[in-house]
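Undergrad: Using the sequences and the accompanying hints, generate a full structural model.
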Amino acid sequence: MNFWHRVRFNLLLPSSLAVCLLIAGIFDLLNSAWGYGLFVAATLLLGVGAATFMVYICSKTLSSTVLKITWSRLLWLGFWSYICAVAALSGYFINETIEGRMEIEWVLFGPVALVAIIAIEFGLYKILIVNNLPTWKRYGYLVTRDAIDTDAMRRTLYDDVVLHRTLFSISTFRWLRHTLIYWGFITMFGLEILAVMVREAWPAFGGEDIWEITAHPLRLAFDFGYDFTGTMVLLGCILALIWRVMVNNKPEKKFADTPSTIFLLFVVASGFVLEALRLAALPPDPIYWFSFLGYSMSFIFVEDELSGLSYMALWYIHVFGSCAFIAYIPVKRLVHSCATPMGRLMNSQKKLLTAKRESHISGLMGR
Numbered sequence: 022m023n024f025w026h027r028v029r030f031n032l033l034l035p036s037s038l039a040v041c042l043l044i045a046g047i048f049d050l051l052n053s054a055w056g057y058g059l060f061v062a063a064t065l066l067l068g069v070g071a072a073t074f075m076v077y078i079c080s081k082t083l084s085s086t087v088l089k090i091t092w093s094r095l096l097w098l099g100f101w102s103y104i105c106a107v108a109a110l111s112g113y114f115i116n117e118t119i120e121g122r123m124e125i126e127w128v129l130f131g132p133v134a135l136v137a138i139i140a141i142e143f144g145l146y147k148i149l150i151v152n153n154l155p156t157w158k159r160y161g162y163l164v165t166r167d168a169i170d171t172d173a174m175r176r177t178l179y180d181d182v183v184l185h186r187t188l189f190s191i192s193t194f195r196w197l198r199h200t201l202i203y204w205g206f207i208t209m210f211g212l213e214i215l216a217v218m219v220r221e222a223w224p225a226f227g228g229e230d231i232w233e234i235t236a237h238p239l240r241l242a243f244d245f246g247y248d249f250t251g252t253m254v255l256l257g258c259i260l261a262l263i264w265r266v267m268v269n270n271k272p273e274k275k276f277a278d279t280p281s282t283i284f285l286l287f288v289v290a291s292g293f294v295l296e297a298l299r300l301a302a303l304p305p306d307p308i309y310w311f312s313f314l315g316y317s318m319s320f321i322f323v324e325d326e327l328s329g330l331s332y333m334a335l336w337y338i339h340v341f342g343s344c345a346f347i348a349y350i351p352v353k354r355l356v357h358s359c360a361t362p363m364g365r366l367m368n369s370q371k372k373l374l375t376a377k378r379e380s381h382i383s384g385l386m387g388r
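Numbers 22 to 388, taken from this note's numbering, label the letters of the sequence shown in order.
Hints may be right or wrong, so weigh each one.
[What the hints assert, rightly or not] The calculated lysine to aspartate or glutamate pairs, modelled on DMTMM-like cross-linking and capped at a C-alpha distance of 25 Å, are:
#: 1; residue 1: K371; residue 2: D180
#: 2; residue 1: K372; residue 2: D170
#: 3; residue 1: K81; residue 2: D170
#: 4; residue 1: K371; residue 2: D172
#: 5; residue 1: K372; residue 2: E213
#: 6; residue 1: K353; residue 2: D181
#: 7; residue 1: K372; residue 2: D180
#: 8; residue 1: K158; residue 2: D170
#: 9; residue 1: K275; residue 2: D181
#: 10; residue 1: K89; residue 2: E221
#: 11; residue 1: K377; residue 2: D167
#: 12; residue 1: K89; residue 2: D170
#: 13; residue 1: K147; residue 2: D49
[Said to hold, decoys possible] Using C-beta positions, here's what the derived DEER-type ranges look like:
#: 14; residue 1: L184; residue 2: A360; range: 35 to 43 Å
#: 15; residue 1: I125; residue 2: I263; range: 38 to 46 Å
#: 16; residue 1: Y162; residue 2: M267; range: 42 to 50 Å
#: 17; residue 1: I44; residue 2: W232; range: 27 to 35 Å
#: 18; residue 1: V266; residue 2: W127; range: 21 to 29 Å
#: 19; residue 1: H357; residue 2: W232; range: 20 to 28 Å
#: 20; residue 1: L50; residue 2: L184; range: 22 to 30 Å
Hints in this document: simulated from the structure, not taken from any laboratory. All figures in this text were calculated on a predicted structure; none of them were measured in a lab. We put the CB at the ideal spot given by N, CA and C, even for glycine.
TA: Below, the structure is given as structure tokens:
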């Protein structure tokens with residue numbers, strides 16, 4: 022009874038806080054700094070929590086009890102800080118919309134982005150957590166820090182999750198296109214998290230809105246990062262389509278995911294065209310070569326061909342297409358980018374797998 026009371030309290034308190042922040046935002050009782058402050062806090066808490074968890078499973082240093090309490094509480098606080106951030110920002114932007122201070126594109130973007138975020142988070146939760154709960158409930162007691170082979174865990178993390186050496190040994194071509202897409206996409210995602218802090222959170226805290234200064238060094242650094250990671254994904258998609266043609270009518274065809282590749286290629290390519298249109302509308306300046314691919318494409322367009330209508334039309338296509346792709350990730354093979362590394366790490370634990378097998382056999386024998 023005490024356990025379930027504690028569970029209800031742990032859910033009720035943060036949920037109530039999130040609802041209060043949502044209502045406060047709607048009634049103009051808080052500004053955007055509240056939401057972005059919680060978002061920054063959530064990012065830090067989740068990051069430190071994940072790092073502490075990696076120390077827990079990849080080493081034998083420090084107290085197991087202290088580490089377990091630390092990473093579990095940090096991740097719990099990070100999760101609810103994120104929920105509260107979304108609630109606070111939702112309330113704030115609802116109020117901005119009611120007061121007529123929001124441009125139509127952002128009024129439309131907000132709900133679409135929220136649906137995409139919910140779709141990917143629920144999809145990943147269902148695939149990675151819910152689907153594995155029966156196994157965890159049955160064999161979770163076997164997973165202790167003392168039973169973890171930390172050397173194998175670190176080696177697998179480095180070789181198969183970071184470098185993908187197993188895939189490299191099978192096919193250099195597959196390794197190259199996978200690495201370009203995998204690390205290009207992940208790095209772009211991390212870059213966007215930082216961009217939200219610079220572009221949205223910093224001005225909300227009263228700082229200078231440097232994002233509107235197109236020649237600002239920090240803005241140019243982000244432009245280079247977006248172009249570099251976008252080029253990685255673009256090349257990876259092109260190589261994936263070439264590889265699909267190469268393995269047509271061969272057994273390797275089963276490893277291809279052509280619809281997802283074309284979808285991702287469309288999103289990235291439209292982003293580069295959108296960036297080219299933005300740069301084409303600015304006075305020529307060598308400093309914009311930080312956006313090396315976008316700026317080189319901008320010379321295709323001349324000023325009299327540009328219009329706010331055409332730019333906004335492409336903006337809607339790219340942004341809504343990006344949201345649709347995010348929601349699409351748990352549906353197709355792309356989710357294996359998350360599931361496969363977890364599987365690799367678990368399969369590296371031979372001692373745990375042996376204990377699981379022995380427990381299963383004992384259960385069948387009725388011992």
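Undergrad: All hints are to be evaluated individually against the structure, with a verdict given for each.
TA: These are the hints, each one checked on the structure:
Of the pairs offered as hints, the one joining K371 and D180 holds, with about 17 Å between alpha carbons and a cut-off of 25 Å not exceeded. Under the criterion of a C-alpha separation no larger than 25 Å, the hint pairing K372 with D170 is consistent with the structure, at around 8 Å. A hinted pair counts as satisfied when its Cα atoms are at most 25 Å apart, and K81 with D170 qualifies at roughly 10 Å. A C-alpha spacing of about 12 Å is found between K371 and D172, which places the hinted pair at or below 25 Å, so the restraint holds.
For a cut-off of 25 Å, the pair hint linking K372 to E213 is broken: about 40 Å separates their Cα positions. The hinted pair formed by K353 and D181 meets the criterion: a straight-line CA distance of about 22 Å does not exceed 25 Å. Among the hinted pairs, K372 with D180 is consistent with the structure: their alpha-carbon atoms are about 20 Å apart, no more than 25 Å. For the hint linking K158 to D170, the alpha-carbon distance of about 21 Å falls within 25 Å, and the restraint holds.
Restraint check: the Cα-Cα separation between K275 and D181 comes to about 21 Å, which is no more than 25 Å; the hinted pair holds. With a C-alpha separation of about 34 Å, the suggested pair K89 and E221 falls outside the 25 Å cut-off, and the hint is violated. Between K377 and D167, the direct Cα distance comes to roughly 15 Å. Compliance with the 25 Å bound is thereby established for this hinted pair. Straight-line distance between C-alpha atoms of K89 and D170 comes to about 17 Å, which keeps the hinted pair within the 25 Å bound.
Straight-line distance between C-alpha atoms of K147 and D49 comes to about 35 Å, which puts the hinted pair past the 25 Å bound. For the pair L184 and A360, the supplied restraint of 35 to 43 Å is violated, since their beta-carbon distance comes to about 19 Å. For the pair I125 and I263, the beta carbons lie near 40 Å from each other, so the given range of 38 to 46 Å is met. Under the hint 42 to 50 Å, the C-beta atoms of Y162 and M267, about 47 Å apart, fit the expected range.
The given range of 27 to 35 Å is respected by I44 and W232, whose C-beta atoms sit roughly 30 Å from each other. At roughly 41 Å, the beta carbons of V266 and W127 sit outside the given window of 21 to 29 Å. A C-beta distance of roughly 35 Å is found between H357 and W232, which places it outside the suggested range of 20 to 28 Å. Between L50 and L184 the CB atoms are about 50 Å apart, so this pair departs from the stated range of 22 to 30 Å.
Checked against the numbered hints above, the structure breaks hints 5, 10, 13, 14, 18, 19 and 20 and satisfies the rest.
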